[in-house]
Amino acid sequence: MNSLFTLAQTDYPEAMGALTLAHYLFLSAAMFALGIVGFMTRRNLIIMFLCTELMFQASGIALIAFSRFHLNHTGQTFVIFVLTVAAAEAAMGLALVVLLFRKRESLSTEEWAEMSG
Amino acid sequence: MDALINPLALYIACALGAVGVGLALPTRGVSWRVPGGILAAGAGGLVVLLLSLKAYDNDQLPNVYFYVFAALALGSALRMITHPRPVYSALYFILTIIASSGVYVLLAAEFMAFALIIIYAGAILITYLFVIMLATQAPVEGDEELQADYDAQAHEPMIAAGVGFVLLAVLTTMIFNGLGSLSPKSDPVAQEQVVLESLPIKVDRILDEAGLLQEHERVGRLGGEGVSKAAINIERRTIVIENTQTNTTRSLSPEQWPKDLSATNTEMVGSSLLVDHPGAIEIAGVILLMAMLGATVLSRRQVEIDEDAKAHEARRLHSAEASS
Chain Y
1 MNSLFTLAQT DYPEAMGALT LAHYLFLSAA MFALGIVGFM TRRNLIIMFL
51 CTELMFQASG IALIAFSRFH LNHTGQTFVI FVLTVAAAEA AMGLALVVLL
101 FRKRESLSTE EWAEMSG
Chain Z
1001 MDALINPLAL YIACALGAVG VGLALPTRGV SWRVPGGILA AGAGGLVVLL
1051 LSLKAYDNDQ LPNVYFYVFA ALALGSALRM ITHPRPVYSA LYFILTIIAS
1101 SGVYVLLAAE FMAFALIIIY AGAILITYLF VIMLATQAPV EGDEELQADY
1151 DAQAHEPMIA AGVGFVLLAV LTTMIFNGLG SLSPKSDPVA QEQVVLESLP
1201 IKVDRILDEA GLLQEHERVG RLGGEGVSKA AINIERRTIV IENTQTNTTR
1251 SLSPEQWPKD LSATNTEMVG SSLLVDHPGA IEIAGVILLM AMLGATVLSR
1301 RQVEIDEDAK AHEARRLHSA EASS
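Protein chains in written order, with the numbering used here: chain Y, 1 to 117; chain Z, 1001 to 1324.
Calculated directly from the structure, the hints in this document are not laboratory data. Hints are not guaranteed to be accurate.
Which residues of chain Z face chain Y? A partial, calculated answer using Cβ under 8 Å [said to hold, decoys possible]: (1) A1077; (2) R1079; (3) I1081; (4) P1086; (5) Y1088; (6) S1089; (7) L1095; (8) P1157; (9) K1185; (10) L1199; (11) W1257; (12) D1260; (13) S1272.
According to the in silico footprint, chain Z covers these stretches of chain Y (three or more CB under 8 Å from chain Z) [unchecked claim]: (14) 19-26; (15) 32-42; (16) 55-66; (17) 78-92; (18) 105-111.
Just so you know, these numbers come straight off a predicted model, no measurement behind them. Each residue gets a CB set at the ideal place from its N, CA and C atoms; glycine is no exception.
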């Protein structure tokens, strides 16, 4: 019981149980669902981009949880690349948002409804 | 292998969560934000409770801090997608990031936890905040009517929440059905062996701090000049020590193995990154460079200048040059 309250890795090289993994995967899936609901409902371009970042974050938790489960560091390495893609996406996306804002003076997605094709 | 928790309870929790999130999303008029949030939190708590009861039976409960960080992360994620003001959304997202880096620490990924705070909360979110402040008019305190319509009113909240939570139900069903038959397959000792034997100078330092080395002694080096590997065996816990003056070797017994001789998380991630995925790093660098160039090109402002203004500017520069 005592080890339950110590933060982190007193027992690190020990394998993690599949049920413990399920907790982390549920957290990841719920965060992903919240991100996707936000992406579909919000009408502000910046908030939509923030919601994609939330989904990146959820996938990162799943990757790290599996990395811990298999005691293999490739999952953590992959999160570095997820971070890279998130940073690149934020730079490009925000540049686009600034460009669109200059043209219409609004962040609303409906301003660009004619782009739906 | 049957499901970890009752599928019916899972679907009911997902339906409740969908209704809760749908109510919590911003709307004009009567606000159901608080009851919606409570409903969504209750649905999430129900699933975690059922999961934890099952885990308690099998003695596989996660660390107690998991519940704190998970509640923080999910609560602030919910507030982030439901807050009508973009700046507050970004701030709640920072809270989500910090809570998930706490989860990373619980999962023994300290390097990524700190990288997450530095890169996400420190760099990416600040960029978001700048753009939000550039592009959003300051709201009048307490006056909801002046709020921009696209922030105050969500787009079809119930349908979107329903679709998103159907996705969640399918995902969690797959996870809870498949996990029972999953078993870890990896050899952590072999990975640590590769990392530690490539760091002979670190091994030297730790042995020296433990007082196991005498004068002119160091850990044995395997391989020729240039590529030297430390002569240690993690599985058998033996170390070969060589004397550089007399060229003699002796070996330490497993009982003398220093307690802090192990590879840290950063060393393991670094080894995985540089040894196993060197090409991917190059590609990541190219992606970042292209993003930087693209952002610069996209956001530059085209200055319209006509012929008269050009001539005027040229004359001005010319006279300035002549007078100096």
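Hint by hint, which ones does this structure get wrong, listed from lowest number up? Structure breaks hints 2, 5, 7, 10, 11, 12.
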